[in-house]
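Visitor: Read top to bottom, the protein sequences are chains A and B. One point on numbering: in my numbering, the residue at position 45 of the first sequence is 45, and numbering is uninterrupted. If you want my numbering, it's the position in the second sequence, counting the first as 1, plus 1000.
Source of the hints: derived by calculation from the structure; they are not laboratory data. Predicted model only: the values in this text are computed from it and were never measured. The hints are all genuine.
Under the rule of at most 25 Å between Cα atoms (straight-line distance), these lysine-lysine pairs were calculated in the BS3-like manner: (1) B/K1068 <-> B/K1052; (2) A/K57 <-> B/K1102; (3) B/K1107 <-> A/K57; (4) B/K1077 <-> B/K1056; (5) B/K1068 <-> B/K1107; (6) B/K1052 <-> B/K1102; (7) A/K11 <-> A/K57; (8) B/K1107 <-> B/K1060; (9) A/K70 <-> B/K1102.
Selected chain B positions facing chain A (Cβ under 8 Å, derived; list incomplete): (10) F1034; (11) E1042; (12) F1089; (13) K1102; (14) L1103.
Backbone N, C-alpha and C define an ideal beta-carbon position, used for all residues, glycine too.
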Amino acid sequence: DAGITQSPRYKITETGRQVTLMCHQTWSHSYMFWYRQDLGHGLRLIYYSAAADITDKGEVPDGYVVSRSKTENFPLTLESATRSQTSVYFCASSDPGRDGYTFGSGTRLTVV
Amino acid sequence: GNSVTQMEGPVTLSEEAFLTINCTYTATGYPSLFWYVQYPGEGLQLLLKATKADDKGSNKGFEATYRKETTSFHLEKGSVQVSDSAVYFCALSDFNTGANSKLTFGKGITLSVRP
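Next comes chain A alone, as it looks inside the complex (with noise of 0.2 Å):
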């Protein structure tokens, strides 16, 4: 089926090493967002890219890193993992025409 799809589901990591989040769409929308989620503070953006090749930072992007060779994938890599970024992650697709984003069912991270 077409759609969004995020791996891990569930992580859980130790503080200091570095992990990387998959996030994967069919649609070959052009634009593609990370959020994290956490609990007083909804959703913020971290980066989002508006084209393959074509990033750019939001709101929270220290301690993270993300590329784009592919339209269709946007990994998230946080280079050396910290309790802070205990959350959930959700990545997002949108392209023109749609209405909103379409968003992925998210990854809780643990950072002990």
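Position chain B relative to chain A; hints supplied.
Guide: Positioned in the frame of chain A, the structure of chain B alone reads:
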């Protein structure tokens, strides 16, 4: 910059009660406005939208009217059901189309509906 303010939660209602969730915004230009819903363990889903002043978005019995004079986009439903229990987010976009621009979200509010 742009911002969205939602009323504090959580909200607990009995089934068939009337629902209002307040949302106000600050933006330059003429944003599009959205309500998203997040059911437990799932991602966000678009509930309804409005792209210009006085537009009314509606879906699944929910309604919201884009009020430019009060910079508001309050969500209402006449008779809530247990299945409406979820987290609701108000959001706005930078540009009028809303389709390919960044969304700014409110903090969300949890709605619980008792049988």
